[in-house]
Amino acid sequence: MSEQDKTTMSAEEVLQKFDKESDKRNLTGMWDKLISFICIAFAVFQLYTATFGVLDAHLQRAIHLAFGFSLIYLLYPGRKNWSRSVMHPLDVIFAVLSVASALYIVIFYDELVLRAGMNTEFDFSIAFIGTLLLFEAARRVVGWPMLTVALFFMFYAFAGPYMPGILAHRGVGVQEMFDHLFFTTEGIFGTPLGVSSTFIYLFILFGSYLEATGLGKLFIDLANAVAGWAAGGPAKVAVLSSGLMGTVSGSSVANVAGTGAFTIPMMKKLGYRPAFAGAVEAASTGGQLMPPVMGAAAFLMAEFVGVPYIEVVKAAVIPALLYYIGVWIGVHYEAKKFGLKGTPRDQLPKFGKLFMEKGHLILPLAIIVYLLVSGYTPMRAALWAIGLTLICSCLRKSTRISFSDVVKGLIEGSKGVLGVLIACATAGVIIGVVTKTGVGLKLATALLDLAGGHLLPAMFFTMITSLILGMGVPTTANYVITSTIAAPALVQMDVPVLAAHMFAFYFGIVADVTPPVALAAYAGAGISGADPMKTGFAAAKLAIAAFIVPYIFVLAPELLMIDATPFTITFACATAIIGMWGVSVAMIGFCQSKLSFLQRLLFFVGGLNMIIPGAVTDAIGVAILAVAFFWQRMNKNKGPIENHGEDL
1 MSEQDKTTMS AEEVLQKFDK ESDKRNLTGM WDKLISFICI AFAVFQLYTA
51 TFGVLDAHLQ RAIHLAFGFS LIYLLYPGRK NWSRSVMHPL DVIFAVLSVA
101 SALYIVIFYD ELVLRAGMNT EFDFSIAFIG TLLLFEAARR VVGWPMLTVA
151 LFFMFYAFAG PYMPGILAHR GVGVQEMFDH LFFTTEGIFG TPLGVSSTFI
201 YLFILFGSYL EATGLGKLFI DLANAVAGWA AGGPAKVAVL SSGLMGTVSG
251 SSVANVAGTG AFTIPMMKKL GYRPAFAGAV EAASTGGQLM PPVMGAAAFL
301 MAEFVGVPYI EVVKAAVIPA LLYYIGVWIG VHYEAKKFGL KGTPRDQLPK
351 FGKLFMEKGH LILPLAIIVY LLVSGYTPMR AALWAIGLTL ICSCLRKSTR
401 ISFSDVVKGL IEGSKGVLGV LIACATAGVI IGVVTKTGVG LKLATALLDL
451 AGGHLLPAMF FTMITSLILG MGVPTTANYV ITSTIAAPAL VQMDVPVLAA
501 HMFAFYFGIV ADVTPPVALA AYAGAGISGA DPMKTGFAAA KLAIAAFIVP
551 YIFVLAPELL MIDATPFTIT FACATAIIGM WGVSVAMIGF CQSKLSFLQR
601 LLFFVGGLNM IIPGAVTDAI GVAILAVAFF WQRMNKNKGP IENHGEDL
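Letter 411 of the sequence shown, counting from 1, is numbered 411 in this note's numbering, and no numbers are missing.
Keep in mind the hints are simulated off the structure, nothing from the lab. Because the structure is a prediction, the values reported are computed rather than measured. There are no misleading hints in this set.
Distance windows between CB atoms, simulated:
| id | residue 1 | residue 2 | range |
| --- | --- | --- | --- |
| 1 | Gly29 | Trp144 | 30 to 36 Å |
| 2 | Gly165 | Thr568 | 41 to 47 Å |
| 3 | Ser374 | Val96 | 40 to 46 Å |
Here are the simulated DSS-like cross-link-like pairs (lysine-lysine), alpha carbons at most 25 Å apart as the crow flies:
| id | residue 1 | residue 2 |
| --- | --- | --- |
| 4 | Lys336 | Lys541 |
| 5 | Lys337 | Lys594 |
| 6 | Lys408 | Lys217 |
| 7 | Lys534 | Lys594 |
| 8 | Lys534 | Lys341 |
| 9 | Lys217 | Lys269 |
| 10 | Lys80 | Lys33 |
| 11 | Lys397 | Lys353 |
| 12 | Lys341 | Lys541 |
| 13 | Lys541 | Lys594 |
| 14 | Lys336 | Lys594 |
| 15 | Lys350 | Lys269 |
| 16 | Lys534 | Lys268 |
| 17 | Lys408 | Lys358 |
| 18 | Lys397 | Lys350 |
| 19 | Lys268 | Lys217 |
| 20 | Lys594 | Lys268 |
| 21 | Lys269 | Lys336 |
| 22 | Lys534 | Lys336 |
| 23 | Lys341 | Lys594 |
| 24 | Lys33 | Lys408 |
| 25 | Lys337 | Lys534 |
| 26 | Lys408 | Lys397 |
| 27 | Lys269 | Lys594 |
Using N, Cα and C, we set each Cβ at its ideal position, and we do this for glycine too.
Please model the complete structure; the sequences and the hints are all you need to start from.
Pasting the structure below:
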């Protein structure tokens with residue numbers, strides 16, 4: 001077995017360990033055929049309704065959840081020690097019961113509408129069973145952290161009269177709560193599941209077909225052609241390829257495993273420390289920040305804020321670029337620090353040749369952006385993009401997708417949506433409790449009081465809340481909670497609605513590289529063979545831009561293209577990039593020579609002043625950075641550091 005094969009196997013093991021969505025059964029025979037049939041039927045339903053019109057909201061979402069329930073219970077075993085190759089009878093029973101509870105709404109839809117608000121005891125039984133099975137499905141696919149948050153909100157709904165101070169409310173009866181969650185579109189079948197049942201499924205299917213064409217490998221090859229020869233080439237390839245992969249992938253752990261299987265061994269071979277190699281890949285997985293296909297939470301943001309999805313995409317462009325520029329600068333100076341060279345040009349693929357042979361695979365991405373800009377709905381744009389992906393793949397024999405690949409894409413797309421689907425449905429429980437109890441307004445008021453009515457403390461508390469919730473909670477649920485609780489507080493301080501929601505969204509994602517629970521960093525450590533905590537702290541240092549950028553665009557909304565002119569956008573970006581340079585140099589501790597503590601402090605303070613919007617802070621920042629830069633140029637011991645230890 002080759003070294004590359006070992007790395008690939010390691011990547012698969014990392015996915016199973018750190019990404020619960022990947023820990024599925026691997027069945028054969030009748031069960032495999034049945035699951036494949038359900039997946040194909042699921043895809044056909046989604047494509048049919050996208051083409052000819054979606055059903056009534058409750059019906060569309062109930063059928064979507066029914067398909068999800070069946071696949072989750074058949075694919076995900078209830079216990080770690082249950083076989084991944086044999087179906088457990090209890091899972092079959094759960095699959096049947098859960099599907100029946102969701103289809104109850106479909107079968108008796110007219111009767112339920114006619115007696116809205118007057119549900120029977122049998123209705124309550126169905127709602128109770130369906131909600132419990134939803135919780136169990138969430139535990140299997142996205143884990144205990146998400147389930148714990150949902151259960152906490154349920155507890156709050158029932159314990160309202162006993163809660164202290166501002167958190168007290170009249171309380172909600174058990175039947176009233178379950179009926180509200182299951183038989184209205186303000187609970188489980190609310191906006192998050194609505195977005196999953198329309199936009200998100202199609203974008204995940206689109207990504208599945210893009211991967212089938214070999215676009216992921218093309219991104220890595222293009223990144224090698226562009227940056228592989230530079231100082232620290234493989235690390236820059238990791239950053240660039242991860243950014244490109246982010247245009248079609250919304251999972252940070254999957255991104256690490258996908259591109260890291262190629263880039264981490266390359267970095268280690270060049271001389272990068274294992275911890276830093278894993279950290280580079282982890283820090284450069286801002287896939288859910290990178291347009292045009294961002295994470296599922298971006299679609300929810302468009303619905304919650306009430307703007308077209310293209311507005312969210314436009315707002316995300318500059319912050320995402322600033323984030324990746326910050327990581328790029330960090331790896332550049334890490335390479336300079338230890339004298340790490342790039343790969344010889346004669347060992348790298350040629351950009352022109354690659355583009356001529358496989359450049360047509362990028363066309364669907366360009367087309368989907370054009371369609372979104374032209375006013376197409378995300379669902380219609382994704383539908384066209386799926387068809388065009390299949391057509392574009394046929395332009396050359398080497399990328400052509402066969403009929404079996406088309407069918408496999410339908411199956412993989414249906415499996416790929418399960419984590420988002422169940423997270424959206426569980427997030428609906430949180431929304432249901434918020435709408436029933438009014439706790440969102442109460443917590444927003446409490447946050448304002450805690451911050452003393454000041455914007456910076458409010459942003460800081462929102463950041464901490466998002467980071468804590470992000471420790472194991474999927475970004476979708478994290479965003480739902482923070483956008484419900486924290487974003488309204490920022491809006492009350494005259495922060496633009498989109499900026500407030502983007503702030504919460506950003507820090508929900510950054511949690512994946514923030515110790516102590518940094519799943520993307522742990523995945524990178526698993527592939528590189530490094531210590532997970534060292535990798536996590538190194539990733540957090542490299543991803544320092546992600547902790548700063550949200551503050552910038554709240555203070556300077558022109559970075560989100562809100563009420564901005566070309567001049568204000570250009571000026572804000574230029575000063576922010578210079579500031580990123582200063583902060584990144586300080587974090588790495590090297591520019592043209594090793595920096596002393598005071599020099600690092602000057603670079604950091606000067607960079608922060610450049611990042612903070614305002615003529616005065618920019619002037620101060622330029623002056624401090626100039627002093628720091630010329631001071632370090634006077635150092636006698638210039639050049640790389642010889643001692644390449646494990647010091648982070």
